[in-house]
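Peer 1: Letter by letter, the chains look like this.
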Amino acid sequence: MENLLANSTEAVAIILFGIGFTMLLFHRNLFRKLIGLNVMDTGVFLFLASMGYIEGRKAPIITNGIQSTEAYINPLPASLVLTGIVVSVSVTAIMLSLTVRLYMRYHTLNLDEIYKMSEHLEDDR
Amino acid sequence: MDFIRNFPMFSVVLSLFSGVLCTLLPGKKARIYTIAYECVLIAMAAAVLWLTVHTGASFTYVMGEFPAPWGNELRAGVLESAVALLFMSVMLCSVLAGKRYVDQDIDESKINLYYTILNLMTAAIMAMTWTNDIFSGYVFLEILTLTSCGILIVREIGRTTLAAVRYMILNLVGSGLFLLGVVLMYDITGNLLMVPMQHEIAMLYQDPGARVVLIMATGIITIGLSIKSGLFPFHYWMPDTYGWATPTSASILSSLVSKCYIFLLIKIYWRVIGIDIFTKMPIRNIVFVLGLCGMIFGSVSAIRADNINRMVAFSSAAQIGYIYMGIGLGGTAGFTAAVFHIMAHAVTKSQLFLTTPRLAEISGNSLRFKNLQGCALKDPNAGLFFLLPSLSMIGIPIFAGFSSKLFFGMAAADNGGIKLILVMLTMAASSMLNALYFIRTLIRIYSPGDDREVRIPHRLDYNIPMFALTVGNLAMGLFSWIFVGAIQQGFTMFM
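Chains A and B are the protein sequences, given in the same order. Position 63 of the first sequence, counted from 1, bears residue number 72 in our numbering, the numbering being contiguous throughout. Position 489 of the second sequence, counted from 1, bears residue number 1298 in our numbering, the numbering being contiguous throughout.
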């Protein structure tokens, strides 16, 4: 329990990941799936960012001439988060465009209904 | 000689550049350019392979000259270069043999964009093969996911969009898990480069607290990548994805993309976790059991399929099961068999996926079994190109499929005990099921059907790559010891 309190941000991050993960897998509505995807990614980014932050240290930009590494945090986790955000944005964009395409064809966002319709609509060759 | 050491980096950068360039070229020129530069990539991979075999040592390319704990690295050994060489050769054959179908399936104004996506995908495949940095692995894995979705939806029928959505959702779940695993590993080791990570992990494994996190992270990465590569029970997206894509895409998706994820996983096991520690982990046994299940259930689903492409796709699920079984067997023997099967299956499956559209064309554009009757008699060439890889899939000697089954058996014999019995029984059952559905298909396509004359001209640009794939298949069957020797040498360099 003590450990959990000390790492509360990480715990929240993992919970967020879990929420996003289940939404992405089990929701039938495509938009909610996408939101789940974003929540899941945010969970990972929060985890990374909180692990990279050390209480009392500053952002790694030299201020007042202090050059000791003890005074600053490692910039790498933050840059990983940035990379991750870029990836997540592009994935979301592609998924949104796919969603638009599906909606134009089937006029619904519910995946179950789309599957059902596709059985009738599509030519099986 | 020293110049060759730049080739891994060149192959990634050149692919990225080619991707951008192809957006500017018209369709036909984009294709010619793609074919030409893929030949260059093959030559580069061959040169690196020659160098690593010749010197007997791997080398590391340090990006921007930033030394180990900070910079980003590419690494080339025998294994990476052999896999890169094979992947590029299969890619080239798929592009050549499938180009007529690309012209048919894709709107003319978008053909250059197809080659753009293909080149970006090549960049991702190359980077994932060469990388020595786990986070670069993640970034290119996402690029590979996006581009594979791209080459799937480029054929604009409703089926592909639906298949792409299903494919993407599962793949995104896999990527999310992989990212979480990588982040956990980064947390406990403080490194992203594979070699320093391995040193840290070797020390951390002694500490029980860190061991739990380590096993958890490895497990999460394994689940993520196995979802992406289609291990049982995550294989149900395969038939739609492979079945409706344009043949070049189907061939690349089944034989390169899923294998690329597995290769990254093998790389993580050997170079990040370390094979000694991985052997002690319980994950190995779970992967082993799922692999065995995949071998059976994939084949059973293939028997139930009523469409030749879906059958071939489900058979991929079974073959992925074989590869994971090899990983589960562990040790150099098991991993060697797994990598050999990656290669053998890449050559075989791409050929099957490139032949089925031709068989369909002869049978009035239908992939259903009942319409395929007698199509091999009408076009003996296409029949032969289907027959030979089918025999390889069943495991007839002199073909690659037989050799890989032999190596799996030998790896299982090394393990002994219950694993040996399980592998032998499952492999026998799976081979029988394999034989069942492939021979059924062969009988169907070789028994006389209607007398409708269909003339499809023979084209050298289709026959030559198919012939090359057949030769590759036979070479891997007849001279398997050369390939296995190279793979084993590669694994010694991996440590």
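Hints listed in this document are in silico derivations from the structure and should not be mistaken for laboratory results. Given the structure is predicted, the values throughout are model-derived calculations rather than measurements. Hints should not be assumed to be uniformly reliable.
[As the list claims (entries may be wrong)] Computed Cβ-Cβ distance ranges for the label pairs, DEER-style:
1) B:R1177 - A:V95: 31 to 39 Å
2) B:F875 - A:V95: 20 to 28 Å
3) B:V1021 - A:T92: 24 to 32 Å
For glycine and all other residues, C-beta sits at the position ideal for the given N, C-alpha and C.
Peer 1: With reference to the structure, classify each hint as holding or not holding.
Peer 2: How the hints compare with the structure:
Hint check: R1177 (chain B) to V95 (chain A), Cβ distance near 44 Å, so the stated range 31 to 39 Å is violated. Taking 20 to 28 Å as the suggested C-beta distance range, the pair F875 (chain B) and V95 (chain A) conforms, at roughly 21 Å. Our hint of 24 to 32 Å for V1021 (chain B) and T92 (chain A) holds, since their Cβ atoms are close to 28 Å apart.
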